[in-house]
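A.B. asks: Here is how the chains run, residue by residue.
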Amino acid sequence: MDERELVERLKKGDRVAQEYLVRVTQDFLFNSLLQVCHDRHIAEDIVIETYINAFRYIKGFKGESRIETWLYRIARNELKKYFDKMNRVDLRDDLKSEEKEAYFLEDDRKDMLYEAMGRLDVHEREIITLVDVEGLSYEEVRDLLAIPLGTVKSRLTRAREKLRSILKEFGYF
Amino acid sequence: MEEKIREKINEFVDGRIDREEVASLLEESVVLQYYEEIKSMKERLKELKVPSPDFNSKLESVYRRKRHIRYAFALALVVVILLIPLVRNAIIPHHIVMKSTQNETGTPRFMVPSVQGESTLKVEIEYEKLNDLLDELKRSYALKGEDEKSFTYTFEVESGKVTQFLNTIKEFKGAKIVESNIEGIQSPITTIKVIFIVK
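Chains as they are written, first to last, in the numbering used here: chain A, 1 to 173; chain B, 1 to 199.
Treat the hints with care, as some may be off.
[Unchecked claim] Only pairs whose alpha carbons sit at most 27 Å apart, straight line, appear in this in silico DSSO-like list of lysine-lysine: (1) B:K58 with A:K59; (2) A:K12 with B:K66; (3) B:K66 with A:K59; (4) A:K110 with B:K66; (5) A:K85 with B:K66; (6) A:K85 with B:K58; (7) B:K8 with A:K81; (8) B:K39 with A:K110; (9) B:K49 with A:K80; (10) A:K168 with B:K66; (11) B:K66 with A:K162; (12) A:K168 with B:K42; (13) B:K39 with A:K11; (14) B:K58 with A:K168.
Keep in mind that the hints were calculated from the coordinates and are not lab data.
The task is simple: from the sequences and hints, build the whole structure.
C.D. replies: Below you can see the structure in the form of structure tokens.
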């Protein structure tokens, strides 16, 4: 199913198309949000809310971006709304107070990496997640975050540099 | 190390530029170390990716829950709609009937409910007998108002004495009740307006 057909079917409320969209995007959405908020339950709730809103407002999707990009933007908004509501942290603030999840920390180095990621601010963590965890290109990140390509490069460089410094403190290298 | 050099190394790590472009930079040990650390970090970061849960089934359970809430709400609405006439027919008339059963005999009877307050009685009477009947009524019942021009008199009658009040008029020679909205009503009416039609 190509994206145009998928969108048309989604606009008609086709359940099969909805299930297909969920299947092909859930990994990306869930992981991106999980790395940003560092809380599995919050990430799950936000992903569910994202899909519900996406299906509700799909008629307003004009196809100016990829549907995955559109979904990610909805998810980002939902996450921001969640944090605003919980009054826990602004998306520009550090999320290092978030609890560490134990489900994938099967070795020390990965544990360190996870800890170090938690010390980055949310934008640094987001860009590293998109490029290094999700493997997106700079251009895809530019479209997702709606920032210039130069900003993608400089933000990524700074974020990686900060992560590297933290990992050095931990004795990672 | 300069920011520009870092950016170049990062682009090289991400496969955006060729080795030749950074070859000279990598000859410096600091830059080489930076490159190797960034590269090893990037490789491990991929491992932070975790399998996501099945959101199709999670969404299905959310929809199911929402459906249940909608059904429960609709059901509650139907019950309320059905209950409204029942409540109106059962509770409100019951309340009125309860009052209307307080007649003189104490025997409960279903009556047509009337509006609480003033009732009207039209009595045909010969002019010369009007004062006699009024005197008789005034002896037993309190006269609360009168309009001599229209021959209208308002009496306050104790709730248990309505029949007696009516009988007084009925049994008075020369008087005839021609219209009444209290006939047969034994409710606790306390004010009766008597309009005399004088012959």
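A.B. asks: State for each hint whether it applies.
C.D. replies: To see whether the hints hold, each was checked on the structure:
1. B:K58 with A:K59: With a Cα-Cα distance of about 23 Å, the restraint between K58 of chain B and K59 of chain A holds, given a limit of 27 Å.
2. A:K12 with B:K66: Distance ~21 Å between K12 of chain A and K66 of chain B Cα, so the pair holds.
3. B:K66 with A:K59: Holds. K66 of chain B to K59 of chain A sits at ~22 Å (cutoff 27 Å).
4. A:K110 with B:K66: violated, 39 Å
5. A:K85 with B:K66: holds, 22 Å
6. A:K85 with B:K58: Judged against 27 Å, a Cα distance of about 23 Å means the pair holds.
7. B:K8 with A:K81: violated, 36 Å
8. B:K39 with A:K110: holds, 15 Å
9. B:K49 with A:K80: holds, 22 Å
10. A:K168 with B:K66: violated, 49 Å
11. B:K66 with A:K162: Violated. K66 of chain B to K162 of chain A sits at ~44 Å, over the 27 Å cutoff.
12. A:K168 with B:K42: holds, 15 Å
13. B:K39 with A:K11: violated, 43 Å
14. B:K58 with A:K168: violated, 40 Å
Consistency with the previously given hints fails for numbers 4, 7, 10, 11, 13 and 14, ordered from lowest to highest.
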